[in-house]
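Protein sequences, first through last, are from chains A and B.
Residue 1 is where the first sequence starts when you use the numbering used here, and the numbers rise one by one after that.
Residue 294 is where the second sequence starts when you use the numbering used here, and the numbers rise one by one after that.
Derived from the structure by calculation, the hints contain no laboratory data.
Take the hints with a grain of salt, since some may be wrong.
Estimated spans, in silico, between C-beta atoms of each pair [what the hints assert, rightly or not]:
1. A:I67 - B:E484: 20 to 26 Å
2. A:K104 - B:G454: 49 to 55 Å
3. A:G229 - B:S628: 27 to 33 Å
4. B:N507 - A:V143: 24 to 30 Å
5. A:G144 - B:R494: 35 to 41 Å
6. B:Q339 - A:L142: 51 to 57 Å
The list that follows gives simulated cross-link-like pairs (lysine-lysine, BS3-like), each with its CA atoms no further than 27 Å apart [to be verified]:
7. B:K412 - A:K254
8. B:K623 - A:K254
9. B:K488 - B:K639
10. A:K129 - B:K639
11. B:K623 - B:K382
12. B:K382 - A:K254
13. A:K254 - B:K639
To spell it out: a stretch of chain B is covered by chain A in this simulated footprint if at least three of its residues, at any positions, have a beta carbon under 8 Å from a beta carbon of chain A; those stretches are [stated by the list, open to error]:
14. 357–363
15. 380–389
16. 625–634
Each residue gets a CB set at the ideal place from its N, CA and C atoms; glycine is no exception.
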Amino acid sequence: MTALAGRVSREARNGLLLVSPTLTYALLLLAAPLALVVLLSFWTQDFLEIHRDLTFENYRVAWTEPIYRALMLRSLKISALVTVFTVILAFPIAYFISFHVPTKRKPLWLFLITIPFWTSYLIRIFLWKVILGFNGVVNGSLVGLGLIDEPLSFILYNQNAVVLTLSHAWVPFAILPIYVALERIDRSLLEAAEDLGDGPVRRFLRVTLPLAMPGVLAAALIVFIPTIGDYVTPRLVGGPNGLMIANMIELQFKKANNAPLGAALAISAMVIVSAISIVFLWLNRRYLAGRGG
Amino acid sequence: MCHFRKFAGPSLAGLLLAGAGTAATAADDGLIVFDWSGYDDPGFFQGYVEMHGDVPTFSFFGEEEEAFQKLRSGFQADVSHPCSQSVSKWWQAGLIEPLDTSRIERWDEVNSVMKEAFKFDGEYYLLPMDWGSTAVTYRADLVDAADVDSLSVFVNPEFAGRISLPDNVDDVYALAYLAIGLSDWTEATEEDFQKASEWMREAHQNVRTYWADNAELSQLMASGEVLVSWAWNETPVTMQGDGYDVVANRSTREGSSTWFCGYVNLANGPNDESKVYDYFNAWLEPSSADYLVNEWGYGHGNEVAMEALGTEVLDAVGLGAVDVPLLAQKPMDHSLRERMIAEFEKIKAGF
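Isolated chain A (complex conformation) (with noise of 0.2 Å):
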């Protein structure tokens, strides 16, 4: 031990020294229960009886079975959509709130925009049943106008209905990234675009977009990664045909006395929202380059 310090410096045993906290912290409650958790998916499991044999059957069961293929497609269906819209309706709000707000009232838009934040998520979803009801407020409208003569059944309890209470949950943790983003980009640049003869337009997908592209991808992966896991939402709004794989997984833990294949559903749920990651960015980065040269 000593023999090792004394090779050490003193200013690197003082960075160990600080980051020592963290790393324990994260090996502790991250990797280790991560490593639980893969190594539970290579393990088999009868009624109450854990088999600690490795096998890959869970994962034959979880890469070939219909049911799981199915529920992991729509996950990323879902969550796909959700990234889309949460993007789409973001981007104006951060974009208004960076060019057109002046900058001392900036600080106040942002907190208004963590306003709902300060509502409990499960209230909000809620209160989307209650808007989108039999008798609700969309519904209620829509007779009282006299547009239709029944209610409409099919905005609740199905898919629409979750990818429209998620887009809104996560609208505020898309725009965040994607404000700073676009604060960050130097104002002259804009100018001299508009000297060298680009219209608004022009200007906006040459110099704004690749440059607010970063933020942009931040937020489209913040909000891309933790919705496919959602499962309170489909739950509560998704009806009969809406359920996520997170929903199965909580199932097989509980129910179904298969911890085992929930391990490796969850394991390769991660594995799919890695892979599509590292394309996206992948992506981005060709955009950007290309845009470069």
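Following the hints, position chain B against chain A.
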């Protein structure tokens, strides 16, 4: 090969115990009851309060699987409250210990069919306490009573998008078995299972959403979105109280179902057993039966006390005798139940 407990135990036990410590502040910590929320109503165990001067300490769970996982990972309580399908699972996991029936004063008055159903290796493990019926429940002001005299209402295309079934595998399969003409699911054959699953697949097409609890179903039925449901008898009792014309029909041609829950003595209880039996004895008093039936609309495990309430009271809350098939949700083989769970999930996912 190992027992699940050994693997999950040490890591979580500490955390959960810390949580229990903070929960156990007020009340008498000489008895910890791990229960469904709502059962801390002192009306159920007045005798215990009188004897010990305080209510026991309560910790709550939202559903039995959650309770099971919490207990297996080391949570310590003296008494808990599982329902029929969980008892053998809890027993096999070593979570519960046999009841000393000599210390239960009114043991002879306890519903004999229910208590005998939970005799494992010659010992009694469950003190049956609350039960109810699951039956066709409908908006009498919007649905013709003739439509709901058969369980085929759930596969009637006329009610597409206007029915709701429980998100509960036992209630749902009770319905499906009754619909195909079987009233004792412990005798179900492979063919019956397939037929029942087929029937559910058909009913799934009509389902607006699967309800998780009484509050959710009540909202669905109050708005008129759902007209017909397969529901516990508390739904008509509470909704009539709120002025809705919601009625249960337990006498459909194919019948209805009954579920039951009760108290178990947990094996790792930290406290003295005498309070456990004081608590059980308080619950079995006729006054508790009266309170449970009239305030909650549930049946009580004390058969003698139930009879004493009279048929009029029981009929009013939907617990009286019926002359149609009655599927009691008796414990079944766990491998069959796992298949039911898997099949129900497939049906819900649209397969």
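Quick one: are G144 (chain A) and R494 (chain B) within 35 to 41 Å, going by C-beta? Between G144 (chain A) and R494 (chain B), where Cβ atoms are some 38 Å apart, the hint holds.
Are K412 (chain B) and K254 (chain A) close enough, with their CA atoms no more than 27 Å apart? holds (25 Å)
How does the Cβ-Cβ distance of K104 (chain A) and G454 (chain B) compare with 49 to 55 Å: does it lie in that range? Roughly 53 Å apart at Cβ, these two residues keep to the hinted range, so it holds.
L142 (chain A) and Q339 (chain B) - C-beta distance against the hinted 51 to 57 Å: About 52 Å separates the Cβ atoms of Q339 (chain B) and L142 (chain A), which means 51 to 57 Å holds.
At least three residues with a C-beta closer than 8 Å to a C-beta of chain A: is that true for the stretch 357–363 of chain B? Coverage by chain A holds for the stretch 357–363 of chain B (4 residues, Cβ < 8 Å).
With respect to the beta-carbon atoms only, verify the hint that N507 (chain B) and V143 (chain A) lie 24 to 30 Å apart. Holds: the Cβ-Cβ distance is about 28 Å, inside 24 to 30 Å.
Are K488 (chain B) and K639 (chain B) close enough, with their CA atoms no more than 27 Å apart? holds (15 Å)
Keeping to a limit of 27 Å between CA atoms, is the pair of K382 (chain B) and K254 (chain A) held or broken? Holds: K382 (chain B) and K254 (chain A) sit about 12 Å apart, inside 27 Å.
27 Å Cα cutoff - pair K254 (chain A), K639 (chain B): holds (16 Å)
Tell me if the straight-line CA distance from K623 (chain B) to K382 (chain B) falls inside 27 Å. holds (13 Å)
Holds or violated: K129 (chain A) to K639 (chain B), with C-alpha atoms at most 27 Å apart: holds (25 Å)
Assuming the hint says 20 to 26 Å, is it satisfied by the Cβ distance from I67 (chain A) to E484 (chain B) or not? holds (23 Å)
Hint compliance for this structure: no hint is broken.
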